Amino acid sequence: MSNKIRLRFAPSPTGFVHLGNLHTALFDFLAAKSMGGKLILRIEDTDQERKVEGAVEKMIEVLAWAGITFDEGPYTQTERLEIYQKYIKELLNKGEAYYCFCSKERLDNLREEQQAKKMPPRYDRACRNLSHEEAEKRIALGEKFVIRQKMPLEGEVVVRDELRGDTKFPAIDLDDHILIKSDGIPTYHFASVVDDHLMEISHVLRGSEWLPSLPKNILLYQSFGWTPPRFYHLPLMHNKEGGKLSKRKGDAFVEDFRAKGYLPEALVNFLALLGWHPEGEKEILSIAEIIKEFKLKNIGISPAIFDIDKLDYFNGMYIRQRPLPELLELCQPFLAENLALTTSDYKKSNEFLIKVVSLARERLKNLSEIGGLTKYFFCDNLEYKTELLVWRKSNAEGAKASLSDLKNYLTEFSEEDWNLKNLEEKVVAWLKDNEKGVGDYLWPLRVALTGEQASPSPFEMADTLGKTETLEKINLAINKL
RNA sequence: GGUCCCUUCGUCUAACGGUUAGGACGCCAGGUUCUCAUCCUGGCAAUAGGGGUUCGAUUCCCCUAGGGACUACCA
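Sequential numbering of the first sequence, starting at 0, is according to numbering that gives the first Met the number 0.
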């Protein structure tokens, strides 16, 4: 037995990447990397019905986007069927498994009966004591069969989850579950135990929905005489209502978050904090920092509710941390609609777009919001209610006078002087010198340039828009009043 | 119904059996400010309930309650 650190992420290829998948994959990755171990990708595709074409490639791509890569794999279980055949024979020979010829109908009826009687639904072990000869005979006759695990009939099975300690399961509650299906393909329980052993997996980190099946796993290891890996069952994630994350609410799939403009570092940071905590109080951590700090003992055990507000906060932080050119690149798809509104070459230039992004970024919770937040940068004719131009207790005449005043003052600026610093300093000094109310002037100016209640400052707008457009928009506003 | 797991502010979470029960998000208030946002200050807010063990329980044990998972020839 080697003491190498080897972990595996073992999804079934059923379609989109669920947030829970990413959570598990992330913890597997963090555990492996923090201990200097290897991470293996294994595709559990033993359910042919649910298999989705292209799902594996997509999953690898999405995980890579999140920064999760694999050292080995993907191994695919349906390509390893001879291996499972070999090991099931060993179990059969040891008398730890048996052939079962019960039909689906019989099992369904049995289950219904048991449930009607409020009995726990379990296989009645009808085939458990079939003789070897009898079984061989029926197989030779072409009867369909499955292979079941022979569970102990009494006593209890003690299993260990490293996070929770020992847990006892009464043997009487254990079912003789199926190891090999009638199509000859193993079930998850059997394939994963065989693979974990052969792939020398040292630590299994998986969702705690697997906790009830741990006895089955452990019993298989015992039947084979193998040493089981250490098991860590990770807390499950729920939505605000306490239920499962769902496709309908759009909070289930990683692809949805990605499309909305969530950054991978935000999602990873946020997810790492669901069921794990660093030792210090710093919460904003890069994946590299998390790896450095990650310790298995700091994994939690209680289920966590997925709180979108905190994710938004993290995403905002990471958006503000990205260098502007990168951020612009990421925002491009969300700006396309706005760019279609203008024919100006200047507004399609990098110089202009960088300014737009720099003004929008501190207001973004996710990148997809940038379109709606920056529309007024691209419109020639802003649509807004005339009253919006009027500052608080001022009136239409006041607003009109302010704007005319500003127009005259700004017209005097040379193109060279038209920049943020100058505009701000000079206009503010001018207002002060002439004892003009700041709000009386700046509010209508800002509205004239944006048509919005909330926006960047008038100086930032004027600087970004340029002298010509600024004066045009002031004129339009004056004419409205 | 059965088995198993879980339970600290609304949420994510911290706290060798001894802390004014800490941090973060959100919320509220104040500051900066023409607006919104950012940023800075401050504030509100929790050990599910009941029994034990102990000089002392958030922490250990039991019961109750609540939540969750599993209970397929799905993973």
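These are computed hints drawn from the structure, not numbers from a lab. Keep in mind it's a predicted model, so treat the numbers as computed, not measured. By construction, the Cβ of each residue, glycine as well, lies at the ideal position given by its N, Cα and C atoms. Be aware that one or more of the hints could be misleading.
What the hints assert, rightly or not - With a straight-line cut-off of 27 Å between C-alpha atoms, the simulated DSSO-like cross-links for lysine-lysine are:
| # | residue 1 | residue 2 |
| --- | --- | --- |
| 1 | 364 | 57 |
| 2 | 246 | 309 |
| 3 | 346 | 259 |
Claimed, not checked - Ranges between beta-carbon positions, derived for each pair:
| # | residue 1 | residue 2 | range |
| --- | --- | --- | --- |
| 4 | 240 | 120 | 24 to 34 Å |
| 5 | 46 | 316 | 32 to 42 Å |
| 6 | 240 | 404 | 48 to 58 Å |
| 7 | 60 | 404 | 51 to 61 Å |
| 8 | 57 | 240 | 46 to 56 Å |
| 9 | 403 | 361 | 26 to 36 Å |
| 10 | 384 | 404 | 17 to 27 Å |
| 11 | 259 | 382 | 47 to 57 Å |
| 12 | 316 | 278 | 41 to 51 Å |
| 13 | 384 | 51 | 49 to 59 Å |
| 14 | 259 | 85 | 25 to 35 Å |
| 15 | 350 | 248 | 39 to 49 Å |
| 16 | 114 | 187 | 40 to 50 Å |
| 17 | 51 | 382 | 39 to 49 Å |
Cross-check of the supplied hints:
1. 364 to 57: OK: residue 364 and residue 57 at ~26 Å, within 27 Å.
2. 246 to 309: 20 Å, holds
3. 346 to 259: 24 Å, holds
4. 240 to 120: 24 to 34 Å: 28 Å, holds
5. 46 to 316: 32 to 42 Å: At roughly 40 Å between Cβ atoms, residue 316 and residue 46 fall inside 32 to 42 Å, so the hint holds.
6. 240 to 404: 48 to 58 Å: 55 Å, holds
7. 60 to 404: 51 to 61 Å: 57 Å, holds
8. 57 to 240: 46 to 56 Å: 29 Å, violated
9. 403 to 361: 26 to 36 Å: 32 Å, holds
10. 384 to 404: 17 to 27 Å: 22 Å, holds
11. 259 to 382: 47 to 57 Å: This hint is violated: roughly 27 Å between Cβ atoms.
12. 316 to 278: 41 to 51 Å: Violated, at about 21 Å.
13. 384 to 51: 49 to 59 Å: Roughly 51 Å apart at Cβ, these two residues keep to the hinted range, so it holds.
14. 259 to 85: 25 to 35 Å: 47 Å, violated
15. 350 to 248: 39 to 49 Å: 40 Å, holds
16. 114 to 187: 40 to 50 Å: 24 Å, violated
17. 51 to 382: 39 to 49 Å: About 46 Å separates the Cβ atoms of residue 51 and residue 382, which means 39 to 49 Å holds.
The structure does not agree with the numbered hints 8, 11, 12, 14, 16 stated previously, though it agrees with the rest.
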